[in-house]
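A.B. asks: Residue numbers (numbering that gives the first Met the number 0), protein chains in the order written: chain Z, 0 to 209; chain V, 0 to 547; chain C, 0 to 331.
Since the hints were derived computationally from the structure, they do not count as laboratory data.
Check before you lean on any hint, since a few could be wrong.
[Stated by the list, open to error] Footprint (simulated), chain C over chain V, 3 or more residues, beta carbon under 8 angstroms:
1. 279-291
2. 300-309
3. 337-348
4. 372-384
[What the hints assert, rightly or not] Cβ-to-Cβ under 10 angstroms is the rule here; a few derived chain C residues that face chain V:
5. 77
6. 182
7. 239
[As the list claims (entries may be wrong)] Examples of chain V residues toward chain C, derived with CB under 10 angstroms:
8. 228
9. 241
10. 330
The beta carbon of each residue, even a glycine, is placed where N, CA and C say it ideally should be.
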Amino acid sequence: MPDDLAPYDTPQHRDETAVAGMWLFLASEVLLFGGLFLVVLVYSHTRRAGWIMGVRHTNLIIGSINTLLLLTSSAMYTLAVVAARAGRARRIIAPALGAAGLGVAFLGLKSWEWHLEFSEHLFPGAGFSISGPDAGGAQLFYSFYFLSTALHGLHMLVGIGLILWVCYRMARRRGQPVPVIPVEVVGLYWSFVDLVWILLFPVLYLVGRV
Amino acid sequence: MSMAPMADSANGYLWQDGTLRSWLLTTDHKRIALLYMASITAFFILGGVGAALIRLQLLVPAGAILSDETYSRMFTLHGVVMVWLFLVPSIPVTLGNFLVPLMLGARDLAFPRLNLLSWYLFVMAGMLVVYGLFRGGLETGWTFYTPLSTDYTQGHVLPVVAGVFLSGFSSIATGVNFIISIHQLRAPGMTWYRLPLMLWALYATSVIFVLATPVLSITLVLLAFEHFFHVGVFDPALGGDPLLFQHLFWFYSHPAVYIMILPGMGVISEVVSTFCHKPVFGYRFVAWSSISIASIGFLVWGHHMFVAGTSLYAAVVFSMLSFLVSVPSAIKVFNWLGTMHGGAIRLDAPMLYAMGFIGLFTVGGLTGLFLASLASDVHLTQTYFVVAHFHYIMVGGMVSAYFAGLHYWWPKITGRMYPEMWGRTAAGLLFFGFNLTFFPQFLLGYEGMPRRYATYPAQFQVLNVLSSAGASILALAYILPLVYFAWSLLRGARASDNPWQATGLEWRTSSPPPTENFAHVPVVNHDAYDYAALDQANRAASQEPPHA
Amino acid sequence: MSWLPEASGHATRVDVLLAGLLLISLAVLGLVFGLMVLNIIRFRVGSGVPVSHEAVVHKSWGFEIGWTVATLVIFFALFIWAARLYVVGFQPPSGAIQIYVTGRQWMWKVQYPGGQREINALHVPLGRPVQLLMTSEDVIHDFSIPVLRIKHDVLPGRYQSLWFIATRPGSFRFYCTQFCGIGHSRMTGTLVVLSSTEYADWLDHTPASGSLATAGEMLFIHNGCSGCHVSGRYAPDAQDTSRAPSMVGLYGSLVPGPDGRPVRVDGGFLHDAILHVGPARTPQANYTTTMPSFRGVLGEDDLAALVAYIQTLSPSVPAGMGAAAVTARDGG
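Bound-form chain Z, shown alone (with noise of 0.2 angstroms):
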């Protein structure tokens, strides 16, 4: 019994309930988006109106272009998961590193656009720049809109946080055998961020807004 692999009984198994654990935790992720849909469901039907104006107001432009970054980000990582299965060390830091530059571009444009809409004075509160009947479910909306958006980013920079802990671990072991079990969990977990920002999108730019 080879006792560091306590308490595990052998690699393979040690590598699937790593797995394991992931997914328990992205259900558990789930769930915490879900509250968040779930008031989007609510107020989206009682406060349609203001609702709608909300999402006339985000920029489409930078939504659609930064789901695009988004999109190819996983693919890239997803190349980088393949050379780790297939035990190509040198192939994998490279497409890791360009998903996780991606990422950081993601958040760059997103940082714009917040400041974009912070100096248009969409930010809910006192001074909020949308006016009428209806305003009241347009400051649900982007009070929705900040907060999903923020907590998305957060999930994003723990991903490239992941991303680049990966690299320094793939550069430090080189010519070792190639772990694979860390980069496909991290694959899982970038994916599910990736997966989350799919069903955003549409929530915050477009469903309405024609």
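Chain Z is already provided as a structure; the job is to place chains V and C on it using the hints.
C.D. replies: Chains V and C alone, transformed into the frame defined by chain Z:
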């Protein structure tokens, strides 16, 4: 497999490396369990002091010692600390952490470092809450209803909410760890239907940890966002809907009630079986009743809102589901009674606590029917009837179960026996003091005394004084075990490996267990609670000729 | 200790339901405790009954299905019974008297169709349907009348409704039962059920719009005066005069002045005492709290209203009593 007691416990996990550093950086689930035990005991004492001040205040109709404001802050402290820093973590993080790998026949939990992280998160959460409370606290009740908590309170909402938020992540980490461990780390031969019922209960609890806690987290984020920026999320003045907060809050907090009782039911199944020396009656029914409580428990949150302004249709549906969720609990009680029938019953302290649990939990469950019934709920909700009802479940049930478990596994955890006579005395005191404290509150509730009142009409004084008198006995029943457990650590008799003649895998290693839990990975070749096999092994060990 | 009276037909029906629940609970409790005690007596170690280790899995199915079905049937019957009662209670009959109730930290404002207003009191006629339309100005409150066995949350921004037919004359307590901040336990009041003639009489003799004293009463509560000063009406349980002097009968009475000589309390005295101006203040040492100055908080209109309210707490003293009148009486 060594059945002989260890001559020297120096090999046990407790004393292997005594430095503070080795404790604070440990990834051993047994040591983390003890770290947790120390923390939740501290929080239990803090919450208990809050309760004592509340009962003192209510001795006199005009309020004996506290101003309205201090009183409001005190019951908020009591609620927040007891729910999130004691009851929710209590059995899972102490006994559960200690026992899950031992019962599975594993060397540790699936993610030992995550386990340590969860303790640090918990301690940070606790410190944030305590910081908020000692800066002056907040007067919202543990339910944080909006818009009181967002726009009308002068209290320190943010640190307390941040603390509860963090403690949620600690819970999620524990839940993930337990579920994955039970799936992945079962010893050879340990099939699902051979798992001790404690593990079924902890599995069901963990499902709630993982799936309900994140909803609370996001709700608290929304609450903090509204409170901090004064923008609309739930406040009707800003366009929001305060009922939405209640829906989200209870979507977590009702399942959380099952977080607070399911592990207790698991402990009772173990204790009743051991002290009747008989397999649990209807093993599969008890196992699946845990799972069905956890699943139906997600669908009954609306019964906290029968008078809150939800629709008629919703109220009727939630009422029916609430009746449904109490069926599996009833099944458990009947099965425990069935287990006792035909057993060889020993009334040691753990069994006395377990009997207390069954009685008090039954009262709590039956009074739950009064609140699941729509028309009677309208009269009784928000009164002391509700306070009494959930204390019967949480204190009469969960705290009794926690003490039952502590006494039962104390020899395994510490390698020492607790003094039996004192244990039985404390169990009796708990039962008596508890009933004296909370039974009068049912009557108060029927009479219409609202909860969370700092002052009350004079006609309620007699029952309030009775309740406060009971609370002082209850306090004694809590302090007593603290004293004799501490004493037994130093002076208690050495415990054998299996002092209760129980069947779980945890009793097949030394007391206290070595760091690696088992000298050899155990192989399981019979069902849980197979006392016939245990007796046979004992007879073989003592070289006695088998009886005909 | 008096048992809680039933003041409506609905209350009686709820009590019957509660009695039914209680009987079933007692039966189950008797069964559980009975079996527990019997098992302990019969099967405890040393009782001589042999232990059977046989797995009872096969025998258990009958029991399991039996008690599961029995529990389900009983629970379903209870559910139907209670739900019917609740659903009926939801629909107010036509022709009910509509009374508006507004919750606010920490008082209940009640308005009648004829324009009458009062605070922390609700007058209703005997035997006629009454519908309460309730809303809140700030946080969530809950209007609860135990003798009628009804309550409902009161939310800001929308109307909630309760209805009842009171069948028993008398004065009963109502409460706020949703925690609404530090003054929560003071947010109670009295339901007065009057016969039809008495009710009509009461309506006639209640001012149709907010009088100065009513406005003063609201200020008295909302500015926290009632947290320390007993007023006899607001927070009816408050009898504690250790924090501050009682307002009951204060107006027109003699109190020790700063130089030890007695001073009669009049409008000017109250005005100065609230603002902390002038010499006319009672020495502080007798009370556990110190009253803050309300200068800059309350305007002169507010002060006039407060003084008018405090006057109504001394019904035997003529309302128009001024400084001159006091002097004259003292002299005479």
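A.B. asks: All hints, please: hold or fail.
C.D. replies: Checked hints:
no., hint, verdict
1, 279-291, "holds (count 5)"
2, 300-309, "holds (count 4)"
3, 337-348, "holds (count 9)"
4, 372-384, "holds (count 10)"
5, 77, "holds (6 angstroms)"
6, 182, "holds (6 angstroms)"
7, 239, "holds (4 angstroms)"
8, 228, "violated (19 angstroms)"
9, 241, "holds (6 angstroms)"
10, 330, "holds (6 angstroms)"
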